[in-house]
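All chains, full assembly: derive it from the sequences and hints.
Residue-level listing of the chains:
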Amino acid sequence: MHSKQDKKLKLLWFQGVTCNGNTHSFLNLPNIEQLLENFEILYHPILPSIYSLEEILKLEENCDLFLFEGTYDPLMQHNGVELSKIVDYYTKHATHVISVGTCASFGGMFKATAPERNSGLIFNEEESFGPLLEQKQKVINLSGCPVHPEWLSYTLSMIVSDKEVEVDELHRPIELYSNLAHHGCTRNEYFEWKVDVDNFGEKEGCLFYKQGCRAPMTHASCNKILWNEVSSKTRVGTPCFGCTEPDFPRTDMFSTKTNMSIPQDTPLGVPKRSYLTLTGIAKTFHIKRLEGKLIDYKTTR
Amino acid sequence: MITKQLVDKIEGEASLYFELEDEKVSFATVSFPHTRGMELMLEGKNALDALVITPRVCGICGHAHLMATVRAIEDAYKNAGYEIHLSEKVELLREFTLVMEMVQNHFKWMYLTIIPALSKLTNSSQELTPLKGAFAASIATKAIATFAGQWPHSSYMIPGGVTADPTNIDILKAQSYLSELKTFFEKESLGVSLEDFLAFDSCNDFTKLSSDVGALNEALLKTDMHIKGFADDTFIVLGEHTFTEVTKLKHTRHIGVQHKYVSTEPSYSPHEKTYAKNALYKDAYYETGPLARSLSNNFAIIKNIHRRYKDSAYSRVMARVFELASLIQHASSLLKKLDIADTSFTKSVDISKINARGVGVVEAPRGPLMHTIDIENGVIKKYSIITPTQWNIGSSHKEKPTPAQRAMIGLTKEEANFVFRTFDVCSVCTTH
Amino acid sequence: MARVSKEERKSGIISAALKLFSQKGFYVTTIPDIAEKVGMSVGNFYNYFTSKDLLAKELVLYISQYLGDKIRAINESDDSSEIKIQKIVTMYFDMATEKPEMIEYFLRVYLSNREVFGEGCEGMTCVSPFITEMMIFFSDGVESGELHNQDFFSAFGLFMGYLGGMVFLFGEKILPDPLEEYKESISLNIYNALKTR
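Residue numbers (my numbering), protein chains in the order written: chain A, 1 to 301; chain B, 302 to 733; chain C, 734 to 930.
The reader is advised that the hints may include incorrect statements.
Claimed, not checked - Lysine-lysine pairs mimicking BS3-like chemistry, simulated, CA-CA at most 27 Å apart:
hint, chain 1, residue 1, chain 2, residue 2
1, C, Lys928, B, Lys654
2, A, Lys210, A, Lys194
3, B, Lys574, A, Lys8
4, A, Lys58, B, Lys654
5, B, Lys683, A, Lys257
6, A, Lys288, A, Lys298
7, A, Lys224, B, Lys474
8, A, Lys210, C, Lys832
9, B, Lys637, A, Lys298
10, C, Lys928, A, Lys257
11, A, Lys257, B, Lys682
12, B, Lys654, A, Lys257
13, B, Lys421, A, Lys210
14, B, Lys574, A, Lys58
15, B, Lys682, A, Lys293
16, A, Lys210, B, Lys637
17, C, Lys803, A, Lys272
18, A, Lys293, B, Lys637
19, A, Lys58, B, Lys682
20, A, Lys85, B, Lys574
21, B, Lys305, A, Lys85
22, A, Lys283, C, Lys803
As the list claims (entries may be wrong) - Here's a subset of chain C near chain A, in silico, CB distances under 8 Å, partners left out:
hint, residue
23, Phe759
24, Thr763
25, Gly856
26, Ser872
27, Val875
28, Phe885
Said to hold, decoys possible - Across the chosen pairs, the derived CB separations fall in these ranges:
hint, chain 1, residue 1, chain 2, residue 2, range
29, C, Gln756, A, Asp265, 45 to 51 Å
30, A, Gly292, C, Lys832, 41 to 47 Å
31, B, Thr430, A, Phe285, 55 to 61 Å
32, B, Lys604, A, Pro48, 31 to 37 Å
33, B, Arg554, A, Asp265, 56 to 62 Å
34, C, Glu848, A, Lys293, 54 to 60 Å
35, C, Gly758, A, Lys257, 44 to 50 Å
36, B, Asn380, C, Leu902, 52 to 58 Å
37, A, Lys293, C, Pro909, 56 to 62 Å
38, C, Ser813, B, Gly382, 41 to 47 Å
39, B, His698, A, Pro48, 33 to 39 Å
40, C, Leu902, B, Glu344, 51 to 57 Å
For the record, the hints were derived by calculation from the structure and aren't laboratory data. For glycine and all other residues, C-beta sits at the position ideal for the given N, C-alpha and C.
Quick look at the structure:
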């Protein structure tokens, strides 16, 4: 008879070109202890692991789950072993491969380190490309810069309970990425009535018109499953930079790209004509409540 | 004979090359084999994009990078003739979230790095509790996210202020996370109240603790870390904050500093390609981080430790533990000063009007972090980053060892590996 | 006599009203005048429009929709922005020549009697179809790299203000030549003013 110990899935977390942001984001997970009880951690960049990096690089052990963080650079070496060999070896035996973060999913921030060869595991931005094309059915992309700990926890839990994770065309779990970052934003009413804002540092106003907010075009559940269980970028007045999408990082991220004052990109799936019709009309209504301050603190000084 | 040791779990990897004589390290060099070319990546981008890109230098101290960037851009505004005056609220919020990032760092370092490393060195069978560090850090990052939206990789600091416009509800929430953290720290790490711990004035007081910190103290003494791991006993603190004293120290003597004297040189790494550069002040190396900050702040207990054990590995470790305690208390005082009616953002001219250089210096968890930005019509012409680990873990020639190189001399390989980690190495920051 | 549908009746009122309003002015024209022109009783008229103000608003919507449809067809073609400008100018001048009451109404009634178009016709509400298509025209032009990126109203004012001015001069019989003669030079002027520099 097998003991409970034997049933644990063997998890290997390996890094390509990275900042460690996903590693640290994952450590924020409230139920990390319970979740990790399901796994035998062969290697993790921070957490105690069964093997040292040196041992892992001998390519002798097998894992069930291969978690990859960072951009894939085939020529990168860890202690003299090429990353292409490492990825090739461990993914061959793994039943599941998870690209943790946007770098591993689409190339992300560190595609720029060596743009001619760096990519994600099965995508180079939106184009099908990378070392695991032949076994792409194994790959789940958890884009996000960084990944949200709950998104990774969801995916790992589904795998542990042997449930299938349905994914979109970019291999992202639909339960996590069918939402837009816009959903649940506390500034939604300002978007509905097209009330923009000139300055940062205000509770009022939508950041889509001037500050470059990508939330209406970005697949992510940031305003549904809050960050650190507390907040989100848009809730604290920072525009969404679209970090879960293949084109992250874009340029001029703090301003909205407009053509003759008209936003170049309209909310996902909304034709420009419909959007402009609605906007033109909504903008003509000057709604006092939405144009004023939500709270006017009396200055005590 | 040269022996290579691969060091991991230091926010990336490094290779140590030991020259051994009678099983003791007579000299060591350090190589950092990976880089991401972040300075080059920034060139040609809108200067404001740096606020999104530089936090991605590092997963554990990205917030410090954000603050260094925002300070550098604001300095460029000033040098271009458009000085921005920040409100007190902005200064307090930025300071608070920066401090909380240090707190999460120190917790992780204590439970995920130094206690396990020490346990390995002593072959201890004591069960490890690494997730205590992750748990405490997650509370600290909740407090950050309350104002900054998320951690890691927030971009809520912008030239002129912060994007957030918090309410008293947010402040109360941050306070409650802070008190949760304090309770956890007292119960799980210290074994005494934070106030009692901060009132310690002699390292003998640590021996009274029967707690994680007490055990750490004991294990350090048992492994002779109080007489091992000495660097050059020179320190530098460059980031101006409410919790620092900008200075350079030779032993305990304070000497004024100006960041314009900071420079870098290529690392000496004869056995492997390294992407690291050493940081220097007027051509000399300095130790940075909690020990440097605590001595510059004249913390009684750290001065007491330093008097006895100089800049040993023991002093370095305990200074970080003590700094953790003092920062938790400091963070609470910052929140109390927040005036909610104060402005969050002061608008200035558009970035496209800026043609200037700016320098931003902050104290990151491991020491001074310096960003220099050259802006032409709002676009980044050149960007340079000098990180704390470049100070502590430089790699130089035998005649002029860096703090970490000096600290490893005379130790066994295993001890040297431990001492190396007492500097709280950040590989990703070093080469960025 | 063939039975006239309600819709046809309604468009009859619209076209009669347009003519009267633009010839006599909004305030001088009365409902009996309009009813008489379409050959219906005043009582029956009220079955179609309950007030003169409401009719006035309906007329703006009607014109805006008409212009919007025309420009939309131009926008949806594969033409360059330069050709689209020629087509919009041609369409506008043809309309001013063939259906002068439409442009006249827009310039003389809608723009001159703003108090009538308050509630229900605020800002762009009643001219939305037309403005939306102009927005699409400008933003497509910038996106394709043909037009210089600038503030929408700076560009819109230049384009439509220019055309409106010419139609006004034409209506006042000040123009020495028919509008037709000006299409080419005006299209070129507009293009030169808007193109990427």
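Check: Can the restraint linking Lys257(A) and Lys682(B) be considered satisfied, given a maximum Cα separation of 27 Å?
Finding: holds, 22 Å
Next item on the list: Grab the minimum C-beta distance from Phe759(C) to chain A and call the hint holds if it beats 8 Å, violated otherwise.
Entry: The hint is violated - Phe759(C) has no Cβ within 8 Å of chain A, the shortest such distance being about 22 Å.
Check: Is the gap between the beta carbons of Arg554(B) and Asp265(A) within 56 to 62 Å?
Finding: holds, 59 Å
Notebook entry, point to check: When you take the CB atoms of Leu902(C) and Glu344(B), is the distance between them in 51 to 57 Å?
Noted result: holds, 54 Å
Check: How does the Cβ-Cβ distance of Gln756(C) and Asp265(A) compare with 45 to 51 Å: does it lie in that range?
Finding: The hint (45 to 51 Å, Cβ to Cβ) holds, given that Gln756(C) and Asp265(A) are roughly 47 Å apart.
Margin query: Does the closest beta carbon of chain A sit nearer than 8 Å to the beta carbon of Gly856(C)?
Written below: holds, 3 Å
Check: Falls inside 33 to 39 Å, the C-beta gap from His698(B) to Pro48(A)?
Finding: Hint holds: Cβ distance 36 Å, inside 33 to 39 Å.
Notebook entry, point to check: Regarding the pair Lys293(A) and Lys637(B), is the alpha-carbon distance no greater than 27 Å?
Noted result: holds, 25 Å
Check: Is the hinted pair Lys574(B) and Lys8(A) satisfied, with a Cα-Cα distance of at most 27 Å?
Finding: Not OK: Lys574(B) and Lys8(A) at ~39 Å, beyond 27 Å, violated.
Checklist line | Hint check for Lys293(A) and Glu848(C) - Cβ pair distance inside 54 to 60 Å | finding: Given a distance of about 31 Å, which is not inside 54 to 60 Å, the answer is violated.
Checklist line | 27 Å Cα cutoff - pair Lys928(C), Lys654(B) | finding: Answer holds: Lys928(C) to Lys654(B) is near 25 Å, not above 27 Å.
Item checked: Proposed proximity, Lys210(A) with Lys421(B) (alpha carbon, max 27 Å) -> The hint is violated at about 54 Å.
Violated hints for the displayed structure, listed by number in ascending order: 3, 4, 8, 13, 15, 16, 19, 23, 24, 34.
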